[in-house]
Amino acid sequence: MNRTALMVAAFMLLLGVGGGYLFATRTATDTKSAEEMSSSERVPLFYRNPMNPAVTSPVPAQDNMGMDYIPVYADDGASDGAMGTVRIDPVTVQNIGVRTTPAVQETLSHPIRALGRVDYDEQRLASLHPKTEGWIEKLYISRTGDAVKKGTILLSTYSPQLVSSQQEYLLALKNRDTLRNSPHKDIREGAEKLAAITRQRLLLMDVPEHQIHELEKTGEIKQSLHIHSPFDGIVLTVGAREGQFVTPRTELYRLADLSRAWVYVDVYEYELPWVQIGDQATMEVKSLPGREFKGTVTYIYPYFESKTRTVKVRLEFDNQDLALKPETFANVTLHSGRSVDAIVIPEEAVIRSGTRQRVFVVRGGGNFEPREVTLGVSSNGRVQVLKGITPGDEVVISGQFLIDSESSLREAAVKMSAPGTRATSGDTTEHEMSAGPVPAPAPAPPVSPMAGGHVHD
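For the sequence shown, this note's numbering gives the first residue as 3, with consecutive numbering after it.
Worth flagging that the hints you see were computed from the coordinates, not collected in a lab.
Possibly wrong hints are sitting among the right ones.
Claimed, not checked - Pairwise CB distance ranges (calculated):
#1 M67 <-> E350: 35 to 43 angstroms
#2 P210 <-> S144: 16 to 24 angstroms
#3 E286 <-> E350: 24 to 32 angstroms
#4 M207 <-> D148: 24 to 32 angstroms
#5 D70 <-> Q96: 24 to 32 angstroms
#6 T310 <-> M207: 43 to 51 angstroms
None of these values were measured; they are calculated from a predicted model.
Backbone N, C-alpha and C fix where the C-beta goes; we use that ideal spot for every residue, glycine too.
Based on the sequences and whatever the hints tell you, model everything.
Take a look at the structure:
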């Protein structure tokens, strides 16, 4: 009996092992079939070169070494975020050198550094001309570059017209004194008016007041007229010599007051929003190392220079000691009085493509979401964001172009695979432009014999 029980037990054990094997094999086969069916239902978005991921093809292809392109599906690396969002595993993030930084709320200011050119103050230039025809009798200042004080006699001229005008004035004074006691009021007023007119004529000829007073006192006519400097300054040009006949068209002297200097700088278009009239500026010149000059922005010209695409800005600097020489080049720093409280990110985070600017925002779980942004002013590598992100958003500042390439490919592929989307014969997709060699058409399958027939050679 024990022998029979052992045989029955052995038979049952063999039966159990065999049944389990058959069940496991059938289950594996069913699972594989289900996976193959699921895989067959997935439609690749595109195919990627295994050796160069930047090269893609819309159809199956092989590279130059005969390696098959790898299919990329819609759910590979996909996420539940906005269109174009890319999911990247941490290892890949580390390998491509992705770095991020948060957007912050801060006060943005922008000092502008530019090359300046020292020039004359146009309001402190003088061109001296005689008011009457005559001859130069004597030059008291005959060299360019000489310094003169206000009231300094520059030259003397002889003018017949000046002599006759003095004679007329003396006659008018004598006539006024004679008719002063006339019983007729209109005669007295006429005499007074004539004397005033002839005196005014002398003033218009640049006869100084002291010469007129001397003429009134002594009655002695002066044969020459002195030309005086109107301010403290420097002689820029001397236009006449002794004995020369001159007319009102003749420029006798050109003078400049250098106690204040103008400095011109060119400001680029993107820096112009930071510049305002009244802003302070500092300046250094190579000829005076270690010395700093302080000035003010006084005028912003209302047009752009066509060749340089810059706007000229004028500054004024005190120059009482004449240290600043016209036509000197200088290093100027404009200290903008404007500051902006803004959401700020590094400029390198912005991807500029045509009319759009966008950044990639870290969404967690390896997701990177593209965001279109509206930008404002920029300063020292940082840019104001008017719209698109909020303080604390983590933006990508390194590796974003690789992420953008992947995002663009996925976005384009999703759009092409959307229901109702058709490509016209003239359309060329990004995948088509970067596709590798297109494989040759597959050979036609062999013709099967017709039912009940034969195949003949």
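A quick look at each hint next to the structure:
no.: 1; hint: M67 <-> E350: 35 to 43 angstroms; verdict: 37 angstroms, holds
no.: 2; hint: P210 <-> S144: 16 to 24 angstroms; verdict: 21 angstroms, holds
no.: 3; hint: E286 <-> E350: 24 to 32 angstroms; verdict: 31 angstroms, holds
no.: 4; hint: M207 <-> D148: 24 to 32 angstroms; verdict: 25 angstroms, holds
no.: 5; hint: D70 <-> Q96: 24 to 32 angstroms; verdict: 28 angstroms, holds
no.: 6; hint: T310 <-> M207: 43 to 51 angstroms; verdict: 47 angstroms, holds
Checked against the numbered hints above, the structure violates none of them.
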